[in-house]
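Visitor: Assemble chains B and C onto chain A, guided by the hints.
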Amino acid sequence: MEALRNIWYVAAWPSEIGTTPLRRTLLEEQIVFFRQTDGTPVALGNICPHRFAPLHRGKIVEDTIECPYHGLRFNGQGHCVFNPDLNGAVPATARVRSYPLVERGGLCWIWMGDPTLADEGLIVDFPFFQSGSGYRPVTGYLHVRANYRYMIDNLVDVSHVLIVHHDMLACPGLATGKQTIERDGNGIWVKRFAEQTTPPKIFDMMWRRSRGDYDAPMDHWAESKWNPPSLISQNTGVQLSGLPRDGGLETKNFHLVTPESETSSHYFWAICRNFETDNDALDVDVRAGTEYAFVEQDEKLLEALQENMNGREFWSMKPALLVGDVGAVQVRRETDRLLAAEQAAHAPVPVNPSSSAVA
Amino acid sequence: MEALRNIWYVAAWPSEIGTTPLRRTLLEEQIVFFRQTDGTPVALGNICPHRFAPLHRGKIVEDTIECPYHGLRFNGQGHCVFNPDLNGAVPATARVRSYPLVERGGLCWIWMGDPTLADEGLIVDFPFFQSGSGYRPVTGYLHVRANYRYMIDNLVDVSHVLIVHHDMLACPGLATGKQTIERDGNGIWVKRFAEQTTPPKIFDMMWRRSRGDYDAPMDHWAESKWNPPSLISQNTGVQLSGLPRDGGLETKNFHLVTPESETSSHYFWAICRNFETDNDALDVDVRAGTEYAFVEQDEKLLEALQENMNGREFWSMKPALLVGDVGAVQVRRETDRLLAAEQAAHAPVPVNPSSSAVA
Amino acid sequence: MEALRNIWYVAAWPSEIGTTPLRRTLLEEQIVFFRQTDGTPVALGNICPHRFAPLHRGKIVEDTIECPYHGLRFNGQGHCVFNPDLNGAVPATARVRSYPLVERGGLCWIWMGDPTLADEGLIVDFPFFQSGSGYRPVTGYLHVRANYRYMIDNLVDVSHVLIVHHDMLACPGLATGKQTIERDGNGIWVKRFAEQTTPPKIFDMMWRRSRGDYDAPMDHWAESKWNPPSLISQNTGVQLSGLPRDGGLETKNFHLVTPESETSSHYFWAICRNFETDNDALDVDVRAGTEYAFVEQDEKLLEALQENMNGREFWSMKPALLVGDVGAVQVRRETDRLLAAEQAAHAPVPVNPSSSAVA
Chain A
1 MEALRNIWYV AAWPSEIGTT PLRRTLLEEQ IVFFRQTDGT PVALGNICPH
51 RFAPLHRGKI VEDTIECPYH GLRFNGQGHC VFNPDLNGAV PATARVRSYP
101 LVERGGLCWI WMGDPTLADE GLIVDFPFFQ SGSGYRPVTG YLHVRANYRY
151 MIDNLVDVSH VLIVHHDMLA CPGLATGKQT IERDGNGIWV KRFAEQTTPP
201 KIFDMMWRRS RGDYDAPMDH WAESKWNPPS LISQNTGVQL SGLPRDGGLE
251 TKNFHLVTPE SETSSHYFWA ICRNFETDND ALDVDVRAGT EYAFVEQDEK
301 LLEALQENMN GREFWSMKPA LLVGDVGAVQ VRRETDRLLA AEQAAHAPVP
351 VNPSSSAVA
Chain B
1 MEALRNIWYV AAWPSEIGTT PLRRTLLEEQ IVFFRQTDGT PVALGNICPH
51 RFAPLHRGKI VEDTIECPYH GLRFNGQGHC VFNPDLNGAV PATARVRSYP
101 LVERGGLCWI WMGDPTLADE GLIVDFPFFQ SGSGYRPVTG YLHVRANYRY
151 MIDNLVDVSH VLIVHHDMLA CPGLATGKQT IERDGNGIWV KRFAEQTTPP
201 KIFDMMWRRS RGDYDAPMDH WAESKWNPPS LISQNTGVQL SGLPRDGGLE
251 TKNFHLVTPE SETSSHYFWA ICRNFETDND ALDVDVRAGT EYAFVEQDEK
301 LLEALQENMN GREFWSMKPA LLVGDVGAVQ VRRETDRLLA AEQAAHAPVP
351 VNPSSSAVA
Chain C
1 MEALRNIWYV AAWPSEIGTT PLRRTLLEEQ IVFFRQTDGT PVALGNICPH
51 RFAPLHRGKI VEDTIECPYH GLRFNGQGHC VFNPDLNGAV PATARVRSYP
101 LVERGGLCWI WMGDPTLADE GLIVDFPFFQ SGSGYRPVTG YLHVRANYRY
151 MIDNLVDVSH VLIVHHDMLA CPGLATGKQT IERDGNGIWV KRFAEQTTPP
201 KIFDMMWRRS RGDYDAPMDH WAESKWNPPS LISQNTGVQL SGLPRDGGLE
251 TKNFHLVTPE SETSSHYFWA ICRNFETDND ALDVDVRAGT EYAFVEQDEK
301 LLEALQENMN GREFWSMKPA LLVGDVGAVQ VRRETDRLLA AEQAAHAPVP
351 VNPSSSAVA
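Each protein sequence line maps, in turn, to chains A, B and C. So the first sequence is numbered by UniProt numbering: it starts at 1 and just counts up by one. So the second sequence is numbered by UniProt numbering: it starts at 1 and just counts up by one. So the third sequence is numbered by UniProt numbering: it starts at 1 and just counts up by one.
Same shape as in the complex, but just chain A:
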């Protein structure tokens, strides 16, 4: 499928990878994850090179994964280290692909391309997600039946909020507020700002809960930053008009998308708030609200849109372009540029779906 390969993607939350094999398909490749006794997480191709059984159905034995068909065992580097049958001989071809996998910043990152290019320094940081940032995170995972690029379109696009999230997140003032697009390293900021407005219902509720009634107009901001391949960080907040933004209510969020197939994606999200940071009970509401907004409002639409596209390429459809699309269009153009550059620069990497046999 069309997706960058020589770049870090989120593969899993660290808590998902343990001593029970985790099966996940990323960029159409079937991968099995497990954790070694020293804590190192491992990602291997999920297909035994002997008779092609899926390794995730086997079990973890002494830092190896045992094939469920004939009991061959593979270590974290993908080498077969044990064969229980007859003389126990293991041919050199009995190897599965091993993927660079790094646990960093509270996420497990995987490199799907040429392993020799996997530089951990390229992993994107989210400072607000780290302890001591003053922001309390709520996190989640969703499996989404939509291509990752429609998800990115949606996540950098503030203009859909007025309609799709009309009940809790919409702010008519923001729809007609000020839009700014900014480059930031290899990222793109899409910012909207409204002065003297009525805040979205969710922020009105939160302000009244944590700070009490108010009778002045507010400022409201919603800012999304895209980093390649498909990583979004966000600031959304409100403050009484005229006061500095720092004292306002704000969430800093990330929405990290990893392609599964042409029509489905993995979605890792965190909503981090600077208010009621000691309130455990509020976490439950934040999770419920986030899942409601995404699953009930965005995803149903993205799935229907995906079905409408029926495999056709976005630009071939000659989309009508609006002023509110400038950010999303820049992200699409930059993604197209990176994809073309990767295809031009690198010899093909063996990325045959679900094949892991090393000749």
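Everything labelled a hint here was simulated from the structure, so no lab data went into it. Among the hints, erroneous ones may be present.
Each pair may be met inside one copy or between any two copies, as identical chains are not told apart.
[Claimed, not checked] Here are the simulated EDC-like cross-link-like pairs (lysine to aspartate or glutamate), alpha carbons at most 20 Å apart as the crow flies:
| no. | residue 1 | residue 2 |
| --- | --- | --- |
| 1 | 59 | 299 |
| 2 | 59 | 296 |
| 3 | 59 | 167 |
| 4 | 201 | 223 |
| 5 | 201 | 167 |
| 6 | 318 | 307 |
| 7 | 201 | 285 |
| 8 | 59 | 38 |
| 9 | 59 | 303 |
| 10 | 225 | 336 |
| 11 | 201 | 215 |
Guide: Frame of chain A, contents of chains B and C only:
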């Protein structure tokens, strides 16, 4: 898909089109229907030209349909007339396809081809379906998992009744009765007539209910007329042998089929009787009996047949031809001729499935 | 699909074929089976040559099968012998394909290729399955969602037993025992033998039930013989070490596989034991145990493996080869050789899936 385009099809019953969007796929094109406040029904391509969301998930606002993603509103001609975001500018490319749609004779008719050729005078009339005809109608809609041509084969074919509808509609006398094929304008009549026979069980029951016992043999007729593209009208009735047909029990019916896809169809039917025309309760039985005969008897067979064909063309299968097939074969040949003529005469119309973006 | 055609396959158990039509797809061809009043079983193409309805939905009338659509009746040779409509004329093209079908040795065998080559002398015999053999059979049928060649790989492969059937059938001594491969006519034996070992749990249980406690080590053997196209016979047994095998506990089994499609198979099995041959109740346990081992253990793995292969050819995947694979690899190579020979030697037979119309 292979179907005539420059011709009127039934799109919906008038009662189906109101101020809640109706989504329906016709000839593999996704269409959304709604009714304007002046009563005019509207048919638009069901895909927003901005980000390709399906419009039917939106709502009707002041004679426009609002896209569920970004709130663009389209009028009955398919023009975008409102954008709620930022400066509200609307590019000229923000248009969806609008289909000619006419409410006439108790049906909503749509023109799937070149709109400049859409002549309302070409719509087929069914006089027996109009008030004052002396016939009381019962109507219904069925979604059928079979190609429209197998349905037409079935509907002009009396010979299957003996086997498929062996319980209520079969008449052994008719199976060996007289068959007549007649051209009628662009239509084809397939008629069967049996003298001095035992009527089908359903007519026997109806006669006894409405006229009492009888001990003489009867005449029975079953006549189907095809009009292109896939419209069937029917006369079926019984009368005591030797008496004029006019005084008999008769139903005049239509079976109007509109292709949905290669393997599915929309089916609009009416059974109109000249007996017990004031009996509301009988309508329930007529509907139940019609649905039983079609859903339980015909459709299960047509679906299985469709599966057997597995996409192969009918004539390529070298069907064995029987005398009882003459009518159905003439209808197939005439349909083939009209399809070839349309392909030869007209430049291609933009009929890309579910695409409605106008450049 | 890729499968031998000029060879006998098992089509059904004799008890499956009676006067209710049996529908079964073999090598991607839809076939209907029924039994004539003289006891002869019949196999016909399951598609009427008139309007292509599936014949299995019809009924058996006087040694013919009646089409459920228009009532044409076909005899055991596939000739149409009756048309109930109009003048009753039947064109010579109204014929369906008839397949050679032979009931022999307690099985119904079908020939899918050129009928002129169908020599009953080529049918494989299983003497242990015949009455008087001293072995009591338990039989069954399973529909399997895996290609027949993965099933054969599995059935001639003793090395998977240690892992997949770890609970009841595994024997660590056998895993490291002696392996022998032998040619036997057009068949291939794959044998394993372990001396002085602990028997599999199932044999331990059976020995204690039927012969009482024992405190000496045992010998254990497991031998599978493949015959083309996909027929496996097996000997598995135990005996006290040093005593002749004849006095031991043994089952002689067959596992007869017939391709349905690229991804599914029919599986006819028999487990025949030389102990407790008068114990009816034990049959229930044998059936349950066999279905557990195959459905819960083997099939789930084969289905997952099939999905992993995703249509790719086995050798193109460059499988790592182990010493324990020698038998399965010889069977694969011999099957490849027979397939190539058949393709080279014979003109193509009309085997269009589900087509049975004879021009």
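Visitor: For every hint, state whether the structure bears it out.
Guide: Hints, one by one, checked against the model:
With identical chains, the CA atoms of residue 59 and residue 299 are at most 20 Å apart between copies only, with a shortest distance of 18 Å across copies and 35 Å within one. In this assembly of identical chains, residue 59 and residue 296 lie within 20 Å of each other by CA distance solely across copies; the values are 17 Å between and 37 Å within a copy. For a Cα distance limit of 20 Å, the shortest separation of residue 59 from residue 167 across copies, 15 Å, qualifies, whereas the shortest one inside one copy, 47 Å, does not. Taking the closest pair of Cα atoms, residue 201 and residue 223 come within 20 Å of each other only inside a single copy of the chain (18 Å); across copies the shortest separation is 65 Å, beyond that limit.
With identical chains, the CA atoms of residue 201 and residue 167 are at most 20 Å apart within one copy only, with a shortest distance of 7 Å there and 59 Å across copies. When the C-alpha separation of residue 318 and residue 307 is checked against a cutoff of 20 Å, the pair qualifies only within one copy, where the shortest distance is 17 Å, while the shortest distance between copies is 37 Å. Taking the shortest Cα distances, residue 201 and residue 285 sit within 20 Å of each other inside one copy (14 Å), while across copies they are farther apart (53 Å). Taking identical chains as interchangeable, the C-alpha atoms of residue 59 and residue 38 lie at most 20 Å apart only when both belong to the same chain, with a minimum of 17 Å there against 57 Å between chains.
Taking identical chains as interchangeable, the C-alpha atoms of residue 59 and residue 303 lie at most 20 Å apart only when they sit on different chains, with a minimum of 19 Å there against 35 Å within one chain. For a Cα distance limit of 20 Å, the shortest separation of residue 225 from residue 336 inside one copy, 17 Å, qualifies, whereas the shortest one across copies, 57 Å, does not. Taking CA atoms no more than 20 Å apart as the test, residue 201 paired with residue 215 passes inside one copy only; the shortest distance there is 15 Å, against 79 Å between copies.
Going through the hint list in order, the structure satisfies each hint without exception.
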